[in-house]
Amino acid sequence: MRFDLQVIASWIEPESRVLDLGCSQGVLLEKLTREKNVRGTGIEQNEAKAGQAIAKGLSVIHGDIYEEVRDYPDLAFDYVVLSQTLQQVIDPSSLIREMLRVGRRCIVSFPNFSYWKHRLQFLLRGRAPVSRELPYEWHDTPNIRVVPIADFKRFCRDLGVPVLREVAIGNHHYDDRGKTVTFLPNLLASYGIFMLGRD
Amino acid sequence: MTAGAPCRITRDMSEYVNAEPRGASVERVQRQEYVMEQGLEVACGQRLAPIRVAYETYGSLNEDKSNAVLVLHALTGDCHAAGHYSDDDAKPGWWDIMIGPGKPLDTDRYFVICSNVLGGCMGSTGPASVNPETGKPFGSDFPVLTIGDMVRVQRRLLEHLGVERLLSAVGGSVGGMQVLEWSVRYPDFVFSAIPLATTSKHSAQAIAFNEVARQAIMADPQWSGGHYYDGARPEHGLAVARMIGHITYLSDESMRQKFDRRLQERCDLSFNFEADFQVESYLRYQGNKFVERFDANSFLYLTKAADYFNLEKEWGDGSLVGAFARASARYLVTSFTSDWLYPTYQSKAMVQAMKKNGLDVSFCEIEAPWGHDAFLLPNERLDNLISGFLERMERELKKEMENGGAGRGGHAL
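Protein chains in written order, with this note's numbering: chain S, 1 to 199; chain E, 1 to 413.
Hints in this document: simulated from the structure, not taken from any laboratory.
C-beta atoms are modelled at their ideal positions from N, C-alpha and C, and glycine is treated no differently.
It is possible that some hints are incorrect.
[Claimed, not checked] If you want the footprint, here are the derived chain E segments under chain S, 3+ residues with CB under 8 Å:
(1) 123-130
(2) 253-263
[Stated by the list, open to error] In the EDC-like style, the derived pairs of lysine to aspartate or glutamate whose C-alpha atoms are separated by at most 20 Å in a straight line are:
(3) S/K49 with S/D74
(4) E/K304 with E/E380
(5) S/K31 with E/E396
(6) S/K49 with E/E380
(7) E/K91 with E/E396
(8) E/K348 with S/D64
(9) E/K356 with S/E30
(10) S/K56 with E/D89
(11) S/K36 with S/E67
(12) E/K348 with S/E67
(13) E/K398 with E/D64
(14) E/K304 with E/E41
(15) E/K91 with E/E27
(16) E/K348 with E/E365
(17) E/K348 with S/E47
(18) E/K289 with E/D89
(19) E/K348 with S/D71
(20) E/K356 with S/E98
[Said to hold, decoys possible] Derived coverage of chain S by chain E (criterion: at least 3 residues anywhere in the stretch with Cβ under 8 Å from a Cβ of chain E; other residues may be distant):
(21) 52-58
(22) 64-74
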């Protein structure tokens, strides 16, 4: 299991209600259901992934996260998770507001664009960074946003959304091991994970 | 111009598919009958008694009665959902690919029940049945029915079989309407529901196609106002009705792949009104074959019931969210990309209403080019969705029973 998902899982209280936006095949939900007895729901845009998640016995809706999140009543969930999807979101501020409407807490993880390897690539080669965390070329990337940890924090402040927990981690995209980065996280961490609350 | 390849009709698509046999079938099956002597006052106020219900069951009800799965057939289906009647019976039941040992509706685990709907013509009471008051077939004196009437009869059948709760109700198309009706009418009876390729109300387009089909029957002089059972039947009208239905079950792409403009056993256009094209020949063949097994009046009554079905009007005062406020089932909703008879937006509307009620719902729009018929064709995705969902339902029902029934219903939130 991806290390950022392990961190997210550790933040979620047992027996809580969890909505996972962009849940893929439901790895996080499966773990949370099994180990923490949460009531989980996922939304996944890809038919094959959504189908696999449902076939595993998870409650998952095949659809677009913006459209699907709107249908839930206020505070329907304790946690709404958006893991490694923020960089593909067209309108992050309305999505995060919506997440905090349907959920008490929202947890967001994303690849840190200002990671030193990315900076170095751009500085030395003058080309768009391609790394294990951001493995795409400029023309085929699904990522439409570049999100440094420092900018995300400022974004939360501007949005008036309190950051309840944050951790920066260093790991590789599909690596199940990692470490937290406390020293110069905006430079040295490859991912940021934030728990946001209501103001 | 060269002749197209002869049209090989190997698979009868259309709500009553002959899919290639797959895996083991259930043991020899037998059609059974349940008679409700006291009958039922149906929605229009008329009393129907007695009511006969043809049904089949596969597998067996377990000790704590937690494994019953009700299968609801589509418009022109019947209670013969799986298995063979005898060793020389070439054709298995209509959903044999889904029901049987090791299949998604696994008869080693589940007690599967399928009955012919009220108003049908495959053993259950319908317009071709004898009216006890006159000693003659009802014909058009048969009361106009609703999906709710069908479901009420099914409920009595289940009670007769000792089933007190359904692990799941499963069905596609008009069968899916029955699934939805079940879950809203009898929320405590339905632990989970799997409506496939269906809608909570017909669109104007769907009603329009049904009306044209009904007009084809009623315009046939042999229909005789619905009282034709003494003489010739409105076969031509029924065949045309079936042809219309068929078109709505396919898709532009599936018709292009299956027929395109290929000619039927000829090298050139005939310049008369014979079946030049394979698609014409296919529709004629399907129409004529249908006439052998189906009653024209049943077709009228069943299409009318489907057109009348309107979950939000019946149960929600015009609000679909209001209708699902009654429900407590866990749902698996499935639509197919090329189904233009019951397009995905209609399934999404249901899913939305379920979510607004905090119900546990899974939804998948399956990519399939075959139109509405897709739900009856072999599809690995659908198999996996249904078997995974049912396994979870089995676990959750067991857990709920262990907790003395103190569940939160199907409310996920």
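Which earlier hints turn out false for this structure, listed by number in ascending order? 1, 2, 3, 4, 7, 9, 10, 11
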